[in-house]
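2 protein chains.
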Amino acid sequence: MAQHEMCPRFEKAVNILSQRWTALLIYQMMDGNSRFGEIQSATGVSGKVLSDRLKSMEQEGLITREVIPETPVVIKYSLTEKGKSLEPVLKDIEDWSQNWIEHPDKQEA
Amino acid sequence: MAQHEMCPRFEKAVNILSQRWTALLIYQMMDGNSRFGEIQSATGVSGKVLSDRLKSMEQEGLITREVIPETPVVIKYSLTEKGKSLEPVLKDIEDWSQNWIEHPDKQEA
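Residue numbers (numbering that gives the first Met the number 0), protein chains in the order written: chain C, 0 to 108; chain F, 0 to 108.
Certain hints may be false.
Identical chains share a label here; the pair holds if one copy fits it or two copies do between them.
As the list claims (entries may be wrong) - Below, computed lysine-lysine pairings styled on DSS-like, alpha-carbon distance capped at 27 Å: (1) K83 / K11; (2) K54 / K11; (3) K81 / K54; (4) K90 / K11; (5) K47 / K11; (6) K81 / K11; (7) K47 / K83.
Rather than coming from a laboratory, the hints here were simulated on the basis of the structure. All values derive from a computational prediction rather than experimental measurement.
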């Protein structure tokens, strides 16, 4: 890390992490949910939003998308190595937040 | 982490991490820079912006602010336990970004 400026890579990484649903979707795929329908019912994210987020994660190289020509067509998503390697980062953020962040419900009574 | 929704604490943690300068200022204080002027000259952040960010970090409980009644007055900042405990999280994000994120200068030629 340069003394006088933040590495643009770090900013980009935080930007990826801060996009709504990214972390949740990575957790879902680590848990073995790979089909669009599975992810949707496990998360409750609307189809349109989920589709957009998955497309964006594919563009970031975090996941791959595979179309399986069954009837009806099945679309499967898998984490890439880049996506899988976010797991310890997510866990660290989660641990820190559990230890240090008060649950917002308690603050906004 | 709940199966069906992202923990609000996680979102809050990522929100803190994604605020511009937070990570850089934490690194500065870990490196031993504690006076306003030191931090400013090490980072090049303008006085107004730096003052705002430090105030916000103080409100988040990441740092403490101490006024030392010398002439001229010295203002020292220190990381709290909460702030120090972000160090491994920041390092993880940094490591991940170094491994997986291409430097933006290379992408935007």
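A quick look at each hint next to the structure:
{"no.": "1", "hint": "K83 / K11", "in the structure": "both (17 Å within a copy, 22 Å between copies)"}
{"no.": "2", "hint": "K54 / K11", "in the structure": "both (17 Å within a copy, 24 Å between copies)"}
{"no.": "3", "hint": "K81 / K54", "in the structure": "within (15 Å within a copy, 35 Å between copies)"}
{"no.": "4", "hint": "K90 / K11", "in the structure": "both (19 Å within a copy, 14 Å between copies)"}
{"no.": "5", "hint": "K47 / K11", "in the structure": "both (25 Å within a copy, 25 Å between copies)"}
{"no.": "6", "hint": "K81 / K11", "in the structure": "both (14 Å within a copy, 24 Å between copies)"}
{"no.": "7", "hint": "K47 / K83", "in the structure": "within (24 Å within a copy, 40 Å between copies)"}
In summary, this structure violates none of the numbered hints.
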